[in-house]
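Q: Given next are the chains, with one letter for each unit.
There are 2 protein chains.
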Amino acid sequence: MIKFHVEKGTHSNYIYKQIYEKLKGFILDHKIDAGSKLPSKRQLANELAVSINSVATAYDQLLAEGFIYTIERKGYFVEDIATFISNRPPKKQKLPGHLEETYTDKEGWLSLSHIKTDSSKFPFQEWIKCQQQAIKYHKKDLSEITHPQGPFTVRKTISEMIALTRGVTCEPEQIVIGSGAQPLINQLMAMQPTDTRTAVENPGYSRVFQLLKNLKFEVLPIELDEEGIDIREVKASSPNFLFVTPSHQFPTGTIMPISRRVELLNWAAMAKDRYIIEDDYDSEFKYGTDNIPSLQSLDHNQSVVYIGTFSKTLLPSFRISYMVLPPKLLELYRYHYSDWIQGSNSLHLYTLHYFIKSGEYDKHIKRMSQHYKQKRKQLVAELRSKFLDKVDINDIPAGLHFLAEFNTEKSFEEIYEKVQQEKLEIYTMKRFLLENEVRNSNKIQLVIGFASIKREKIAEAVDRLYRVIC
Amino acid sequence: MIKFHVEKGTHSNYIYKQIYEKLKGFILDHKIDAGSKLPSKRQLANELAVSINSVATAYDQLLAEGFIYTIERKGYFVEDIATFISNRPPKKQKLPGHLEETYTDKEGWLSLSHIKTDSSKFPFQEWIKCQQQAIKYHKKDLSEITHPQGPFTVRKTISEMIALTRGVTCEPEQIVIGSGAQPLINQLMAMQPTDTRTAVENPGYSRVFQLLKNLKFEVLPIELDEEGIDIREVKASSPNFLFVTPSHQFPTGTIMPISRRVELLNWAAMAKDRYIIEDDYDSEFKYGTDNIPSLQSLDHNQSVVYIGTFSKTLLPSFRISYMVLPPKLLELYRYHYSDWIQGSNSLHLYTLHYFIKSGEYDKHIKRMSQHYKQKRKQLVAELRSKFLDKVDINDIPAGLHFLAEFNTEKSFEEIYEKVQQEKLEIYTMKRFLLENEVRNSNKIQLVIGFASIKREKIAEAVDRLYRVIC
Chain A
1 MIKFHVEKGT HSNYIYKQIY EKLKGFILDH KIDAGSKLPS KRQLANELAV SINSVATAYD
61 QLLAEGFIYT IERKGYFVED IATFISNRPP KKQKLPGHLE ETYTDKEGWL SLSHIKTDSS
121 KFPFQEWIKC QQQAIKYHKK DLSEITHPQG PFTVRKTISE MIALTRGVTC EPEQIVIGSG
181 AQPLINQLMA MQPTDTRTAV ENPGYSRVFQ LLKNLKFEVL PIELDEEGID IREVKASSPN
241 FLFVTPSHQF PTGTIMPISR RVELLNWAAM AKDRYIIEDD YDSEFKYGTD NIPSLQSLDH
301 NQSVVYIGTF SKTLLPSFRI SYMVLPPKLL ELYRYHYSDW IQGSNSLHLY TLHYFIKSGE
361 YDKHIKRMSQ HYKQKRKQLV AELRSKFLDK VDINDIPAGL HFLAEFNTEK SFEEIYEKVQ
421 QEKLEIYTMK RFLLENEVRN SNKIQLVIGF ASIKREKIAE AVDRLYRVIC
Chain B
1 MIKFHVEKGT HSNYIYKQIY EKLKGFILDH KIDAGSKLPS KRQLANELAV SINSVATAYD
61 QLLAEGFIYT IERKGYFVED IATFISNRPP KKQKLPGHLE ETYTDKEGWL SLSHIKTDSS
121 KFPFQEWIKC QQQAIKYHKK DLSEITHPQG PFTVRKTISE MIALTRGVTC EPEQIVIGSG
181 AQPLINQLMA MQPTDTRTAV ENPGYSRVFQ LLKNLKFEVL PIELDEEGID IREVKASSPN
241 FLFVTPSHQF PTGTIMPISR RVELLNWAAM AKDRYIIEDD YDSEFKYGTD NIPSLQSLDH
301 NQSVVYIGTF SKTLLPSFRI SYMVLPPKLL ELYRYHYSDW IQGSNSLHLY TLHYFIKSGE
361 YDKHIKRMSQ HYKQKRKQLV AELRSKFLDK VDINDIPAGL HFLAEFNTEK SFEEIYEKVQ
421 QEKLEIYTMK RFLLENEVRN SNKIQLVIGF ASIKREKIAE AVDRLYRVIC
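The listed protein sequences derive, respectively, from chains A and B. Position one of the first sequence corresponds to residue 1 (our numbering), numbered consecutively onward. Position one of the second sequence corresponds to residue 1 (our numbering), numbered consecutively onward.
Please keep in mind that the hints were generated in silico from the structure rather than gathered at the bench. Among these hints, one or two may not hold up.
Remember, identical chains collapse to one label, so a pair may be satisfied in a single copy or spanning two.
As the list claims (entries may be wrong) - Below, in silico cross-link-like pairs of lysine-lysine (DSS-like), each with a Cα-Cα straight-line distance of 25 Å or less:
#1 328 - 216
#2 139 - 366
#3 121 - 139
#4 272 - 92
#5 328 - 235
#6 139 - 156
#7 140 - 106
#8 129 - 139
#9 373 - 139
Sequences are here, hints too, so could you generate the full structure?
A: In structure tokens form, the structure reads like this:
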């Protein structure tokens, strides 16, 4: 039997751990032969001058892990364990350099990103009050996983809300809650046959384009005209699933007029299994008019899948979106995802339920609308006064971003480099052009978000942008 | 021009809405011809005896939605809008009966489900305190989406924790946070080639089995012996991805001994691109011994993907899990999911970060371990005293469930029917047998969870179970 000693510490665990680790090492390294008998607990305790308890705990742990076995009245024996075939290099290896993450210090940066919202105005206290209610009334629900589509109560609240605000007609059964348009579209499309043809707006939401390509579907990017997606191209390419943003085209900002909406719905109604996916990502913010009813509200053929989100109205980091499935797709969904576990935190979803029910959600949108409206107005004015005739703003009073075209000879790459220097977060059109990156050589389009920038920083951001462009 | 009148209400919006809705209806139904001139705002206001403002708002809204257009100094004209080709049945249709959700009143039910945990003991107040810290220190982070794998800070905290508790060696870069083992495995496997061969434990986690089948991979269910997954079958079938639960086999409860672990790792090391997915779903709860180091901790070939979760230690409804990718799979992940948006709420993830950092997480596990240990002991004792030699309990003191075999002639279907009558939530082995549902005709196995049942209800639950079985 191999000899070792243990260091005495103050904590009894400390001694047991050493005995366990030593014996484990000896056994794995085959320094004690398989089948050998270990000293009795008392014997080893005496040898090491430790309590018999420490040895017993170590033996129990080794037993539980299968390093040793016991024969009644005979004692403890070493298990027969194979040798590791690898040459066992040091386990802790440095991660290859290209996989290391680098931290970019964003101190001093200003953001005109279209993705961000303003978290400084979020009513966290009211949110937490609603969370208290969720805990109080749904504690039992929190001990289990919920319905694959999300808790019924929450879906009911959402369905009532969108009936009112978006004219969407649906039952709670038709709602699927998910953590964003991306995973919802992923679920929806993963159950479609591989020969499904899809089409998206170009320029458009590049993440969806990429997602559809990753899913190995044919994806047709369709050009836009001044009314939104080009209906002639839609008819010519005739996809099974058409992805559009009629409330506020992303990123151009076009609000699809009723004539184009009717044309699209008529196109969808003309054949079986044609679906329009309406991504209503920021419809809650209209500064000049009332909300504009959704495309789904005009559809009588159950051919529209409506996708809504709380990313713009609450916070993008909250990750709550939902889709409304027509019965036929719902049936397919139920078949495919009966085993699926809803990925959103139920506590969070019930909190949202109370936030809507209490009227806080509505109040928050109204407050933020005013706030965003002012920021938008100021930013547009500052851009015009700074750039004069060098800027052409697509001035549609909706959403959390607008498109602006600047006179400049600079390339996308030069712009990208300059914004880094100026510490200005902003996206160029390049990101949203899905293919055929042609651009007028002396113009460049930028997608300008105004949700995150503070009012007192707008002038400074425009100055930086001026240095970038001119 | 068509005539109509509006009802006078107290709210000015009420009047504008009526004008808007009426004109919209007339235009969509082609009761006003395309190209016709609408009356001027003043004229219509006079006709309807309403304020000119109400008409102006209605015209603006119709303009924004594209029902009408305006020619400067000439007035407002009706757009040319196609007729809907469908025969426009009533939009609100009843959902087909088979798609309606039925509500099961669980009042009076007792649960021996293995999925549930005990939410009554969850320290919500401490959790909320940590949430306050998350809001205080990360408010700005909440205004944007986070890294596809989750916030670095949170991944760092998790990596430090699992190094300590599970012996897992990894950098924060290697951690991918997701809303459960299911979506994480979905991401991991969706980037593998279609000819990838997978193997799972049988009986095992049926959701993963189903997921792999949905992804169209070959899935081999591999039998278990008393040490866990049958190593000879593993060697014979030689999959690329092998899914195991070594800490506490699901559902049998077997703790894989070191000898089998070495054999598995040796098998994986013997060929390129062989991976073992270690689903460590409830390893935090060991009642007789210390935690047992993970399989990943023994691996020196970067062939183990470790999956951990907070579903058992916190609440299943919180939906926070993570996987640790070996560098090669991480590289593939980065390539495939650079555009992916992390689906977990960042507020929630930062809250978890403070919950771990403050020591509350550790305290909570210790508290729950004691609590679950007592419930487990009591339930095992009550089962034995009630069923005597009619029950054989696989008495491994770990996790939140155990397997028990009962002498009974009843079929799975009869058992299922009886538990409904007795209002007892419990799962039979049928759910976890992935194929070849053979069973000894006079024995039936049940997976018995003890996390959710209250101590004072254990006797009653055992009584109900007795009536179910005997």
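Q: Any of the earlier hints contradicted here, and which numbers?
A: none
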